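> If you want the building blocks of each chain, they are given just below.
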Amino acid sequence: MINIFSQLMTEANKELFGLTLDPQNASEGPFVLGNGDFFIEIPVAFGCSFSDLTLTGANGTALPDAAELIDRGTEVGVESRLCSAIKVASHYLTAGLIRTPDMIITSNSCCDAMDTLGNLMNGYKPWAHIPRFAMDAPHSFDDASYEYFGKQLRQAVTFMEDVTGRKMDWDRLKEVCIESNKQGQLLLEFQELKKAIPCPANPDLARQGTEIKNWTKDRISPMVTTWLEQLVSAAEQRVKEGKGIDGVDEKIRFLWQDLAGSWASGTVLKRLQTELGAVCIMDYVSFGTWTPIDLSSEEAMFTSFGKRFLLEDPMNRQALHNTELFCNDILQIVKDFKCDAVVMPAHISHRDTNSRLKVVKDMCREKGIPCLVLGIDIWDKRYMTPDVAFDRMKTFFEVSGLLT
Amino acid sequence: MSVFDTYVNKISEYVEGMKAKERRVTVFNVSFSSAQIKDNLPFKVGPDANPGIILRQDTYVELGNPEAGSCAFILSTDNPSLIRNGRITLIGPDIPESSGKSLPFGQVLIFGGAGLDDKEHESLQQSCFVGDSIEGYMIRSLPQNVWSRVSKNVAEKGFDFECLGKALMSVYKSCNSKIESMEIVFVASGKEDVKLLDEISAQVQKISREIVKENWKIKGYDIDCEFDCSSCADKPVCDDIREVLKEKRKKTITNTKY
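Chain order of the listed sequences is L and C. Heads up: take any position in the first sequence, counting from 1, add 499, and you land on the working numbering. Heads up: take any position in the second sequence, counting from 1, add 1473, and you land on the working numbering.
Hints are computed from structural coordinates only; laboratory data are not their basis. Some hints here could point you the wrong way.
[Said to hold, decoys possible] Calculated lysine to any residue pairs in the SDA-like style (CA-CA distance at most 20 Å, straight line):
| # | chain 1 | residue 1 | chain 2 | residue 2 |
| --- | --- | --- | --- | --- |
| 1 | L | Lys739 | C | Gly1525 |
| 2 | L | Lys857 | L | Pro869 |
| 3 | C | Lys1668 | L | Phe640 |
| 4 | L | Lys834 | C | Gly1604 |
These numbers come from a predicted model, not from an experiment.
Chain L on its own, in the form it takes in the complex:
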């Protein structure tokens, strides 16, 4: 039976799988290439095309020839345990497959792999003549840091204006921010609905919602708002009716404390849900805080952008800051969303997370929360196959008494 959630998921997938090597936010204007998604609202308002090369690489790992692309990336000469998504991006870059941008804007966050990619972009000889702007992301989350990064984003706009000879339309930027705020509120609304037991809709829709809002060609457009409104209304209806996900007998709720990557959602997480009733309630991307962009002044707006990027971008929040924030988020998600267990996928290239595994395990033991460390490559299923990951998680749920 095709229900509204299946339709929404299909639409989201169409958007996400539609992303190719072309600019992710295509328009008639100039093309800006970056190594992260620090520019959500700005390129939309500026009317320029934008691509986050990390995302382009990540999308490559979902293609049928992903293994070959990853191996070609390794041949570029990057470190062998570098993130596979970045390996693919490195291959795309050095093979000359990426359209030559009009300007390059990079940041040194949020992980060492993205930083490496930024350096590769900046050092790529055929693009030596391209104007570039590099931003410095502080590893802290306070007002001074948000202002510091916000000012750099403001300078980046001036840089874009100087390179293109065009001016930012500030009214348009405000309009875009208002739409973005609406979408943030709807994402938070859906997030709250996931607290219901049973969970009213596939929680993965939250990840997809975040991704189409921030990463697709239609980012921040009213089309995305409509998609999110439909999602929230349908989920509210299910909560009222006390219904869970179609075809799922919910028995276990767990936190997947990492990105879902390119293969886990459609394989191991899907099987766990349908075969065992083990529902992945939250992952990095679906846990959003989305403080509204403050439109009271230009400075406030850019400080908000800085905060969004440093503290609220899903991966930056978990990778850029200290262990206290990381652990507090785990505890809050477990409590608020009534998770029975924490699964640390321990993506091989997430060194920031992997350095905290023992702390997290100790904390979970102290609080009585079952915790499993997997050790997978979220972009390359050859490292640990979906079947092996499924078996390990099944065994974990059995031995921890969650699955009888």
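Dock chain C against chain L, hints included.
For chain C alone, coordinates are given in the frame of chain L:
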């Protein structure tokens, strides 16, 4: 003496400042005894008293939506004379008169108790789970703030800030036996007033983080790397890398004035 004593006094000064600005300030004095408080409330309080979700259409009032303004923090002291036990101070409008509104919301919980030393502060922050404990009151998941909803059902039964204060006192009292006294300040008068409170909150958060860091150290973990370049044995290696990068950048970066 607790590290937060200064901030307990600052909250008193803040309330006086609000009075001076002619904000509407209402004070409720209640008896701080969990059994009594619970008995007098027209709704359930305790574990799983609010198991469900409060949907948008079932919401009477929303408190602390970040767009409206939101701030929440706790203070603790081992000096009981600083606490006006059982006092609930409300700055701004009350819930019954705010149907359909989204109010700015500031919440300060002040705990007193001889055993409430600095180490206990972290436990106070983590141990009590208010989310499920008050019927018709849903706290949304937003770290460092309180963003909540009051349902139409409990609003009809007379849910107001005095009730919310009593319920919070009951929940906290029952989950931490070291709490001997408690005072609460709610702010719903305006975004600017909540912002002022946020300035105090920023200082309190800094101290809280230091306490958390110390508690982690006791467990054997350093949650912030304490090395700086001058004390690191690998400094010469990093210096060499920096020089190489500097040279590389000189060669590759052209056409930029930023």
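> Hint by hint, work out which the structure violates, then give me just those numbers in ascending order.
Of the numbered hints, all hold.
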